[in-house]
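Trainee: Chains as they are written, first to last, in this note's numbering: chain F, 35 to 427; chain G, 229 to 523.
All clues given are correct.
Beyond 10 Å from chain F on every Cβ pair, some chain G residues (computed):
#1 S288
#2 G302
#3 F306
#4 G338
#5 V352
Restraint-style ranges between C-beta atoms, simulated for each label pair:
#6 G:W272 / F:S293: 22 to 30 Å
#7 G:I356 / F:I277: 23 to 31 Å
#8 G:P301 / F:H127: 18 to 26 Å
#9 G:V510 / F:R416: 53 to 61 Å
#10 F:S293 / G:T250: 44 to 52 Å
#11 F:P226 / G:P301: 30 to 38 Å
#12 F:T124 / G:A269: 38 to 46 Å
#13 F:T124 / G:P287: 21 to 29 Å
#14 G:L267 / F:S258: 57 to 65 Å
#15 G:L267 / F:S293: 34 to 42 Å
Since the hints were derived computationally from the structure, they do not count as laboratory data. Note that CB positions come from ideal geometry on N, CA and C, so glycine has one too.
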Amino acid sequence: MGDRSTGRSWFSVMLPAIPVLAVGLSACGSGAGSSGVPSATPSPLCAGVNTPPGHTNGVASVSGGASSLSGAGGTFVAPMMSIWSAAYNTSDHVQVAYQSVGSGAGIAQVQAATVDFGESDAFMTDSDIAKAKGPVVQTPLVQAPVVVAYNLPEITSGLHFDGETVGKIFAGQITTWNDPAIKKLNPNVNVPNLPIAVVHRSDGSGTTFIFSDFLTKESPTWVSALGGKDKSVGKTIAWPVGIGGKGNEGVSAAVGQNSGGIGYLELSYAVAQNLTYADVKNKAGSFIQPCVKTAANATAGITDYPPDLRIDVVDVSTDADAYPITGLTWALVYQKQTDAAKAAALVNFFNYVLTKGQDVAATADYTPLGADLQKLCVGQLRKITLNGTPVAA
Amino acid sequence: MTDVALPAARFRQRPALRRRRTKNAVMTALLLVAVALALGALAWVLVYVGIRGFSVISPSFLTHNPPGNPAAPGGGFFNGIAGSLIVVGIATGIAVPLGVGAAIYVVEYGRGRLRGAIRFFNDVLIGIPTIVTGAFVYAVWVTRFGFSGFAGSIALAVVMLPLVARTTEEMLRLVPTELREGSLALGATRSQTVLRICLPTALPGIITGGMLAVARAMGETAPLLLTVLGNDLFTQLNPLHRMETLSLQIFSNAVTGYEQAQARGWAGALTLIAIVLILTAVARFFGRRVQVENV
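The following block holds chain F by itself, in its conformation from the complex (with noise of 0.2 Å):
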């Protein structure tokens, strides 16, 4: 008996050992993941300084907030999140915890009212909204261009690319990196004759959203393929080719790992893993490096603003210099708040985000609002109401 037990706590030492092993492993992975190739030289649009907006039209502070929020939402505006919320403890005291879930997982959230904002990179439809518990307040807080990076070693520039070739890479209909249409768009380059690993979300995912929209609107190849406009945008779609990655981690790791691979994630991702990624045509017929400038272009001509905000401006813009695959990130938050001490902190917390949060936005590689758009979103945190009075004064 006494040697069973001790076989017995033999192993039970061994399990806790398990579950870190496993992080270790994926560490270790993602780790390997930086190419360590250079990105592309920087176009002259992106160089220069991204200067601050400055912006001091916020609405008055409200007294009585609570002293934490709780969040979760997509994983594209996850790292800008993460530098908001820790500025803001330091100036106001206030913990704001960001889990990055997802965009899919952000809605569902918001609609299980387990959380006391979401975040998606999708706008929730009238059907999101009619799964959740009352009317839902959506603003917009920043800007960024969701980039097609891959992993080719040689090659250390951006690449060319429009939005048909890109729509037949992803419904794999070309296989190959030396594929005549790739030549074609990138005649100086020395294209290698590699397989293509595409990867994509596996999560419910608002930059699969920004992406698909965008394949959609110039790929007439991606719609047919996927069978039709319905089933070609969304945050997820039933992806013809390809391997899934959770987040936009998982798919930065995993182009990261395969030689060959392609993938499309926010841009802060692709810099911090130092990732190459392509240029993509324009609607002005123009090859566009994505950065804080050209992303910016993407949405300066829009001036017709739905009044919910809902709006989609991805591969909208005929701007000569605009990023095209650029998207907007809403905060989704009840307009009907019951907490006042709660109400009070999301009116503070989102204020401070559209106006000195707009500042340190570029420093991370996200594109601030442009002035428009931001007088709007300011706007938008004066219809939160608690007991059917505005909270905002």
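Knowing the structure of chain F, use the given hints to seat chain G on it.
Mentor: Quick look at chain G alone, frame taken from chain F:
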């Protein structure tokens, strides 16, 4: 000895003996290889995590929270360490009394069908993947009361409960029947026998089992993803709010892709292993001490 005395018999036995010796050598070698593989894997994990972790870990790692910018160096996992201790502490407070109680019932009082059912369901509970436990707590608790450290404690308590119940049951079974009979013969009641004789005798084993369950819970990540959710940047000591735990923090830092965050993840892994080893060592120490005092 017999070899010398009976050369004829020795001659006859030789082929069979040689076969047995060869078999013995092969089996011993196989067992040694198995031991080497098992210990080698453990040593590999410890050494590798140690090397990666030691280059980052420092006193300030244990007393500071992560920086807001995930790409920035420095900072630490204080919030996760504190959160893990609180969440696991509460889970232990729930699981140990319930588990010990269930085991006492099964061994000392239970009979027939109910006892069989408890043992069966306990075994089933041990086998449930912990992510399912997390999903269950999400459905019944989080959807009503939101994400919180306490929700994580409930999930971990469900993970720990069957382990505690099982080890306690095994230990109580090891208590000689003569001790119980002696106690009852001297006029002690059933409950006095259980509380004064059986439990103290089995205590070292129960403590060890409980500590192993605690160690297991410290490393659990899956059930916490759906219940505690995490609180990356801030120290939150109130279990009714969202908290960070060390396991969640290792996971979220490891998958980011930021080199500095991954370095913090390794240091966190080292911290977690250290905490688990310390807890195990403490359990062994107390287990031995209690045993000596009883004898």
